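Peer 1: These are the residues of each chain, in order.
Protein chains: 4
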Amino acid sequence: MNYTGYLRQPHYYETDQMGIIHHSNYIRWFEEARVDWLTFLDVPYYKIEEAGIIIPVLAVTCDYKEMIRYEDQVRIEVTIDHYTGTRLEFSYHIYNQTTENLLTTGTSKHCFLDKETNRLLQLRRSHPEIHRIFSETFERQKETTND
Amino acid sequence: MNYTGYLRQPHYYETDQMGIIHHSNYIRWFEEARVDWLTFLDVPYYKIEEAGIIIPVLAVTCDYKEMIRYEDQVRIEVTIDHYTGTRLEFSYHIYNQTTENLLTTGTSKHCFLDKETNRLLQLRRSHPEIHRIFSETFERQKETTND
Amino acid sequence: MNYTGYLRQPHYYETDQMGIIHHSNYIRWFEEARVDWLTFLDVPYYKIEEAGIIIPVLAVTCDYKEMIRYEDQVRIEVTIDHYTGTRLEFSYHIYNQTTENLLTTGTSKHCFLDKETNRLLQLRRSHPEIHRIFSETFERQKETTND
Amino acid sequence: MNYTGYLRQPHYYETDQMGIIHHSNYIRWFEEARVDWLTFLDVPYYKIEEAGIIIPVLAVTCDYKEMIRYEDQVRIEVTIDHYTGTRLEFSYHIYNQTTENLLTTGTSKHCFLDKETNRLLQLRRSHPEIHRIFSETFERQKETTND
Chain P
12 MNYTGYLRQP HYYETDQMGI IHHSNYIRWF EEARVDWLTF LDVPYYKIEE AGIIIPVLAV
72 TCDYKEMIRY EDQVRIEVTI DHYTGTRLEF SYHIYNQTTE NLLTTGTSKH CFLDKETNRL
132 LQLRRSHPEI HRIFSETFER QKETTND
Chain W
12 MNYTGYLRQP HYYETDQMGI IHHSNYIRWF EEARVDWLTF LDVPYYKIEE AGIIIPVLAV
72 TCDYKEMIRY EDQVRIEVTI DHYTGTRLEF SYHIYNQTTE NLLTTGTSKH CFLDKETNRL
132 LQLRRSHPEI HRIFSETFER QKETTND
Chain Z
12 MNYTGYLRQP HYYETDQMGI IHHSNYIRWF EEARVDWLTF LDVPYYKIEE AGIIIPVLAV
72 TCDYKEMIRY EDQVRIEVTI DHYTGTRLEF SYHIYNQTTE NLLTTGTSKH CFLDKETNRL
132 LQLRRSHPEI HRIFSETFER QKETTND
Chain C
12 MNYTGYLRQP HYYETDQMGI IHHSNYIRWF EEARVDWLTF LDVPYYKIEE AGIIIPVLAV
72 TCDYKEMIRY EDQVRIEVTI DHYTGTRLEF SYHIYNQTTE NLLTTGTSKH CFLDKETNRL
132 LQLRRSHPEI HRIFSETFER QKETTND
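Residue numbers (the numbering used here), protein chains in the order written: chain P, 12 to 158; chain W, 12 to 158; chain Z, 12 to 158; chain C, 12 to 158.
In case anyone wonders, no lab produced these hints; they're calculated from the structure.
Remember, predicted model here, so these are calculated numbers, not experimental data.
All clues stand as given, with none of them false.
Pairs involving identical chains hold if they fit within one copy or between any two copies, as the list cannot separate such chains.
List of simulated lysine-lysine pairs, DSS-like, C-alpha gap at most 25 Å: (1) LYS120 - LYS76; (2) LYS126 - LYS58; (3) LYS76 - LYS126; (4) LYS120 - LYS153; (5) LYS58 - LYS120.
Here chain P stands alone, though its shape is the one from the complex (with noise of 0.2 Å):
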């Protein structure tokens, strides 16, 4: 079973006296998706932190192709990138889920590291069953690309 993409009604908190979604809001949908991604995957990013992990954001990029607006409904669709046991990046696509039309596309970059001690985390070593968990939805992404 696929990822369908996480389905967000813009707030009206989040919009602006422009009248649109106010782009720095952009970054937190971003997170929200890749929590919906990981809860569809069964591990839910709480379940993470519980494991001992964290998941900061090394970068971040946002390309605003078309202005969201308040009564927009929108789907985002997430890829992995890249995963490496101690990288994971991920790619963004928005979209309007009316017209299809893609508004926003966008990336992160991640790294693990222990709670407690705030190293860096191989996950591969430290925690195999997540690591599995990503490696095969890497390398299952990668074959329905290249399909």
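The hints should help you fit chains W, Z and C onto chain P, whose structure is shown.
Peer 2: Only chains W, Z and C this time, still in chain P's reference frame:
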């Protein structure tokens, strides 16, 4: 020397599509103002947490008298309404810094918890120095109000 | 058919370094819940604005009974406490969706303004169809409560 | 007189349960910093909007080098990377104000739109005075960088 209030310029991301500051931000401004006031009293909030205390919010109220716009500079005045060693209550008055119009009023109620155990603290016993600062400020404010 | 409440999963960016959902976000959740309730009543808020009405917030209160954590799923129930055609008042109850514990309560007060002139509207005259929806819902809720 | 940067104390509501400033807030700080810089140049953003211009964000990037904590005071430096009369690009450097460590870098790209029609503006023609300010500042920064 008296605390003369917390000056704040609204941020663009705090506006909404009504063209005003979204009402939820005032609750955040109250927090900024009481943190600024704590710093003025020489007990910055991060030092309070370092001393093992957290001060959660038990209740807030906010009465919006006039809309605040992006270009308005405001001043937030903070008053201790009540202090008992276990409970702390504030009131807030937001003024337009140019016109001196009263724009918004609010209140917040707090207790003191041990950061590790989440148990209620009696500051008089657990942290007498911080207790003295709150207590003396509260007494001084009562006198000023009664003059 | 009755409105059964607004389900909400907290977002990571809504946590704070106390390890709980920051109290300011509850005011935003109340807005999300009443917007969801309006959509349930078939008057989504963006259509209200399209009809030339804005519904600003005049006052909010919030009583925090239990801390909400990142992993808690909550349900927010919305009740009309008062409706007069010129004023609208809500109360909110936030429950833990798993344990059914009551976590937080709150209220909000609103008026109706003409979007262009910012003048007070009497919905009974200016927008009788929307008036009827609010009025009937309010009456139905009163009956339910009295049963 | 040169712009010496925007000083910012993190707010408690900007922390998350990792005990750091949530990464989405940096995008907001960049906005605060460029608005502060515009005010320094004597073209506060609200006056730009009053002149009928909006400056939406076309793209942002952010590279997180070190975590920022609640107690850290930061300074955000703003540089014009590019200005053409139709496009404006900034880069940002966030420093710890105490240690002078570089904590984060970022960029943003913008265009100019007519507030009423949403059409692209060529500031050179439509608003020559504002054009002159951006243009001269950009030229002056290039010279400084080349020294």
